[in-house]
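A.B. asks: Sequence:
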Amino acid sequence: HIRSTAFMIVDGVIPSNEGRGYVLRRIIRRAIRHGHKIGIEKVFFYRLAPVLALELKDVYPELKLALANVEKVLKREEERFAQTLDQGMSILEEAIAGLKGDEIDGETVFKLYDTYGFPVDLTADVARERNLTIDMPGFESEMTKQRDRARSAGDFKTTQKGVDITQETEFLGYEQLENSSSVQALIKDGEQVEAIEAGDQAIVVLAQSSFYGESGGQVGDSGILSNDSITFEVTNTKKQKTGAFEHHGTISHGTLKVGEVVEAKVDARMRKRIARNHSATHLLHAALRSVLGETVTQKGSLVDADKLRFDFSHDEVIAKADIDKIEAMVNRRILGNSIVHTNVTDIESAKKKGAMALFGEKYGDSVRVLSMGKNNFSVELCGGTHVNQLGDIGLFRIVSEGGIAAGVRRIEAMTGYGAYQFDNQTQDRLTAIAQMTKTNNMQAVEKVAQLIKQQKELEKQIASFQKQLASNQGDDLVGQAKDVNGIKLLSTVVDGVSGKDLRDIADKLKDKLGSAVVVLAVVSGDKVSLVAGVTKDLTDKYQAGKILNHVAQQVGGKGGGRPDMAQGGGTQPENIESALSSVKDLL
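Residue numbers (this note's numbering): 1 to 587.
A hint or two may mislead.
Stated by the list, open to error - Pairs of lysine-lysine residues, derived as BS3-like cross-links and limited to a Cα-Cα distance of at most 25 angstroms, are as follows:
(1) LYS272 <-> LYS239
(2) LYS456 <-> LYS438
(3) LYS57 <-> LYS72
(4) LYS447 <-> LYS460
(5) LYS508 <-> LYS536
(6) LYS584 <-> LYS488
As the list claims (entries may be wrong) - What follows is a set of in silico ranges between Cβ atoms, one per label pair, in the way DEER data are often shown:
(7) GLU459 <-> GLN480: 26 to 32 angstroms
(8) ASP365 <-> ASP125: 40 to 46 angstroms
(9) GLU178 <-> LYS374: 32 to 38 angstroms
(10) ASP365 <-> VAL23: 24 to 30 angstroms
(11) ILE452 <-> LYS42: 45 to 51 angstroms
(12) SER515 <-> GLU107: 52 to 58 angstroms
(13) ILE323 <-> SER349: 33 to 39 angstroms
(14) VAL59 <-> ASP365: 22 to 28 angstroms
Source of the hints: derived by calculation from the structure; they are not laboratory data. By construction, the Cβ of each residue, glycine as well, lies at the ideal position given by its N, Cα and C atoms.
Make a model of the complete structure from these sequences and hints.
C.D. replies: Below is the structure:
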C-alpha cells in the first residue's frame, strides 16, 4: 500500500473523490483501516514513506526527492480520514445492530459513501468480518440516481448525439492558416444531413483543416469556411476522439452539401493571441517548478485568446515575493526572444531529453516536443499551437492566484496587449486613488495606509463614546421601568447605540433594577436589533428566549439564547412600538 500510494503521489496524483485521485484515496484508506484493525490508533501510515525511499533509493531516486511532499499528502489524508472512519463506523454499527437479516441495505451503504465518504470496500470488509453481506444492486441503484442527478445538473451536451463520425481530419494548422478541403460530413440538430442552408447552425467536418480543434486545454480556432456559393462562420472547432475536427458555426448564405470543396481560413489574429497564452503557460509551468520545487505538476489548464488559466499541485499559499519571482522569470525568457523549437520524436526519446508528460494523458508512438528558452528552460510534450519566438508573447502578467481544492492552486494570467491593458487599468486605478487622497501615484499607498490607520483610531474613539453613551442611557432608562403584576418591566427603543451595545445595557439595567424583565430594541434603517434579559430570580417563570421570540415575530424576525439573556432581530421596524408594548401581556 505504501509503495503504490507513494508512486502515485510522486507522479502528481492528489487524493480526491474522482478519477485517479479516488483510486489513491481508496488505497490510503484501506491501509489505514488495516492499521486500525491491528490496534494502531495514532496517525502512522505516512511514517512508512522514508523507509520505502531508503529501500528504493537506487531504483527509484525520484521518491527521495519528493519524500517531504509524499509524507505531507499521506499525513493530511490520514488525519482527514480519522474523523470519517469514526463517524462511518458509528453509523455502520447502528445499521448492523438494527438488522433483521444478514444483509446491509444499499441505501445505508450509499449514505455512508456519499454523506460520510466511507468507502464501499471498507463497508464490505466490516460486513465480511461479521458474516454479513451488502446489497450491491441497491447501492448501484442509488449511485445511478446520483449520476443522473449530477448529469441533469451539468451543462455538458454531446455535440453529436450518437452520430458516428469515423473520418479522421488531417491537421495542417502548424504550417498554414488556410487550406482547401472537401466536406466529409454535415451535422444539424444532432443528426447527420446531406446539406445545410442559410441561417442553419451546424457542424462541418473536413478532410483537412488548418483549424486547431479544442484539446489539451487550448480552445478551438475560429474563422471562415467559404466557396463561391457559401460562407460558413466558424465560432469554435472541436477535436473528437476519432480524430475528426468539428467546425461549429452558422452558414450565413447559400447551400453547402457533403462533398463540396471549401476554403478554410483561420482567424489569424485570434490564433496569435491564443498562441501567446499557450506558450506563456509552458513558461509559467517551468517557472513554478523552478521557484516552488519539482513537486509542482500540472492539474489542468485553459488557454483562450483573452487569458490563460493554470491549475497545479501545491499545498501552501504562495508568498507575494514568490509570485513576483515567477512572473519576472517568465518575462526574462520573453525578453530573451529565443526561438521555440519543435521536434517530433518517439515518447521514450522525449522523456530521456527531460520532456514533461502530463500524468494520465495518452500519447501515441510519435509525440511533439516543445522546447523554450535558454538551456531548455521549458521542455514539454504538446500538440497545441505556439509562437515562433518567445518575444512574440510581448508581456506576461499574473492577475490572480489562489487555492481551488485541497493541494491544488490556480493562477490566471494575461499576455501581449491584454497584459498591457491590465497594467493600464491598474495604473488608472492608482491614479484615481492618488487624486482622491490628494497625493501622487508614488505616495498613494503610504497615504492610503495612513488614512486606514486614522480610520481605525477614530473607530476606537467612536466605540468608546458609544459605550459611554450606552452606560448613560442605561442610567436614564431605569426610571422608565413599570410595575406589571408586581414585576418590573422595561421594554423600549434605545437611540444612538449599536446593536452590539444592547447586551451590555441590558445587563446593567438588570443589575440596577434588581428583579426585572428587560426588552430593548435598536432600529437601524430597515433592521431591528433586539435583546431580552430576565433576572435570575425570575427565570423559573419567564424565559428570555420566549419573550424575545414573541417580540421578534411581530417585526418579521426571530432569535434565541439562554433563559436569562436572548438576542435576535427583524426587518419590520414599523411594528416595533406595538411589539414592545405587547410584552406586558406575557407577565
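A.B. asks: Please go over all the hints and tell whether each is borne out by the structure.
C.D. replies: So, going through the hints one by one against the coordinates:
no.	hint	result
1	LYS272 <-> LYS239	holds (20 angstroms)
2	LYS456 <-> LYS438	holds (20 angstroms)
3	LYS57 <-> LYS72	holds (19 angstroms)
4	LYS447 <-> LYS460	holds (20 angstroms)
5	LYS508 <-> LYS536	holds (14 angstroms)
6	LYS584 <-> LYS488	holds (10 angstroms)
7	GLU459 <-> GLN480: 26 to 32 angstroms	holds (30 angstroms)
8	ASP365 <-> ASP125: 40 to 46 angstroms	holds (42 angstroms)
9	GLU178 <-> LYS374: 32 to 38 angstroms	holds (34 angstroms)
10	ASP365 <-> VAL23: 24 to 30 angstroms	holds (27 angstroms)
11	ILE452 <-> LYS42: 45 to 51 angstroms	holds (46 angstroms)
12	SER515 <-> GLU107: 52 to 58 angstroms	holds (55 angstroms)
13	ILE323 <-> SER349: 33 to 39 angstroms	holds (35 angstroms)
14	VAL59 <-> ASP365: 22 to 28 angstroms	holds (27 angstroms)
The structure is consistent with each of the numbered hints, conforming to all of them.
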